[in-house]
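*Asks:* Here's the letter readout for the chains.
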Amino acid sequence: MMADLPSLYRQMLRIRRFEERCAELYSGERIRGFVHLYIGEEAVAVGVIDRLTPDDAIVATYREHGHALARGIAMDAVMSEMYGRTQGVSHGRGGSMHLFHAPSRFYGGNAIVAGGLPLAVGLALADRMQDRERVTACFFGEGAMAEGEFHESINLAALWRLPVLFVCENNLYAMGTALARSESETNLAVKAAAYEVPSWSCDGMDVEAMSHAAERAVALVRDSGGPVFLEARTFRFRAHSMYDPDRYREREEIERWRERDPITIASTRLIERGLMDQEALDAIDADVTSEVDAAVAAAEAGTDEDVADLERHVTSGGVRP
Amino acid sequence: MTTMTMAKALNAGLRRAMERERRVVLFGEDIGRLGGVFRVTDGLQKDFGEHRVIDAPLAESGIVGTSVGMAMRGFRPVVEIQFDGFVYPAFDQIVSQVAKTLRRTDGAVRMPLVIRIPYGGGIGAVEHHSESPEAYFVHTAGLRVLTPSDPQAAYLTIQQAIASDDPVIYLEPKRRYWDKGEVDLDADPFALSPWHARVLRPGDDVTVACYGPMVRTCLEAAEAADCSVEVIDLQSLSPLDIDVVAASVRRTGHLVVVHEASSTAGLGAEVAARVSEECFYSLEAPVLRVTGYDVPYPASRLEEHFLPDLDRVLDGVDRVRAF
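One line per chain: the protein sequences are F and R, in this order.
For the first sequence, this note's numbering begins at 1 and goes up steadily by one.
For the second sequence, this note's numbering begins at 1001 and goes up steadily by one.
There may be inaccurate statements among the hints.
Said to hold, decoys possible - Quick list of the computed label-pair ranges, beta carbon to beta carbon:
1. R:1223 <-> F:161: 37 to 47 Å
2. R:1188 <-> F:176: 54 to 64 Å
3. F:53 <-> R:1243: 49 to 59 Å
Since the hints were derived computationally from the structure, they do not count as laboratory data.
We put the CB at the ideal spot given by N, CA and C, even for glycine.
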């Protein structure tokens, strides 16, 4: 069940260091396309996924590197995917936004805002029809709550009593659009509760608070068999993507949130409680950095898909009659 | 052989597919208790239960997306979209998820999903209830697109579509739902591949390529023509079986493509381009298109002027010969 604080800290740090390196590699044009960093939000994925069993399913967004790593997908396979290598978790075909690994029950990042929500409903329906008592955790940003697919999906899950945990990662900005500029009701749990779904909010910057909220939410999904909505109040420290000049947020706002960095909160607590000292924290950091180094080395050494395979798996029977 | 309507033939085909494979699950709006607007799923919920014939709320994107999740877990969902124009809210799921998942996962996750759409005009309805959206789906790699033209083809191809490991957009010509034909209910649905064009009437002077609701119109035109017209039912719009059309054009030298959908960037344009690539020197005239006009689908009083009819097909045949 719940990992201890040192383990949660370590998971968050893996995500942080991985993504910091991704940012460097993107600037160095080793990684191309779009990259959406999760830096600042790590406590959400780590806190929730820690409460899931390996049989539970996960559906995520295009900001999903952290979820994939927290799920236990090998870091070199994730980094290779960032590079578009055939050794990547999706064989280089998904890239940053479409990490996918069915054996880990990781049913994908999704480049379409709210695109994954109905899919999560379908996974949960499949579980129920096969009498499997599993939870499907579906992550999405608050921007998704303005999309029709959010409303269709939560309605279906509530109507059909399906075991979906809707996790809204409210980082306050749908790219450049602030919450108050996109939602008529900015209390998102109130909005979700209109569907007769138990809904509440929690602190998404504190991994222990997140973990406790997730424990309660997952337990309620399992016990009731129906959906639950959990809003994690969080913030992304970086721009929307590596391509985004981030002109819509005041520097003071970002700085204020940085004071609540989930990794600092956890490390301070570890020291205060005497669970770890600075030396031990540094050792974890060194360890994680080596893991990232190894992942980058693997990705650098990887191979690109042969252009002759361009048509492979467009359809299962080939593209001609 | 049994005489039945296309709607009944589809119903029988769905029933067979559900009997054959318990992972076949039907989703749609009013398909269960009501049996569907066109009664294609009539009686199936009573016989297979509410868990296999699922009445869904009005949420096309949600229904298709839910089916994507089901398909990822090995189910074979069959979605009914009530009318052609109602598929547009689900367009994102179809284009972004249904069509691309197999390739995006490099073959790890198949998408054996069928989306049934009653399409086309001729029933005095209006826009959103009479449209022909096939080109959108044919344009999207990763989807297969089938459209039957008679009850026997409907009975067989719906079963083949459900057995396909790839997603199939299955377009049902709604004005032909009530046309009757002979159906062999014992025919093996897997004896012939559905992904081929069919020569329904041999001829020597002009080739007419058509599909879905226009097949009957073209067969009637061929009967009335004062020359020998070969009628080809394309049936599989994606993948498009151009070989059968090209082989015909090599003999006739003339090609008319007929569809209800608007002309611009439609199937006619694709067939014309492919035929000119395949057998340019066999063509004795430019390929002609007889299609709906480039306007939104008109209200019922003007419908007959919009839809290609026997006269317009014959006019096309005359013009291509007179070139």
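*Asks:* All hints are to be evaluated individually against the structure, with a verdict given for each.
*Replies:* Hints and how they fare:
{"no.": "1", "hint": "R:1223 <-> F:161: 37 to 47 Å", "in the structure": "violated (57 Å)"}
{"no.": "2", "hint": "R:1188 <-> F:176: 54 to 64 Å", "in the structure": "holds (58 Å)"}
{"no.": "3", "hint": "F:53 <-> R:1243: 49 to 59 Å", "in the structure": "holds (52 Å)"}
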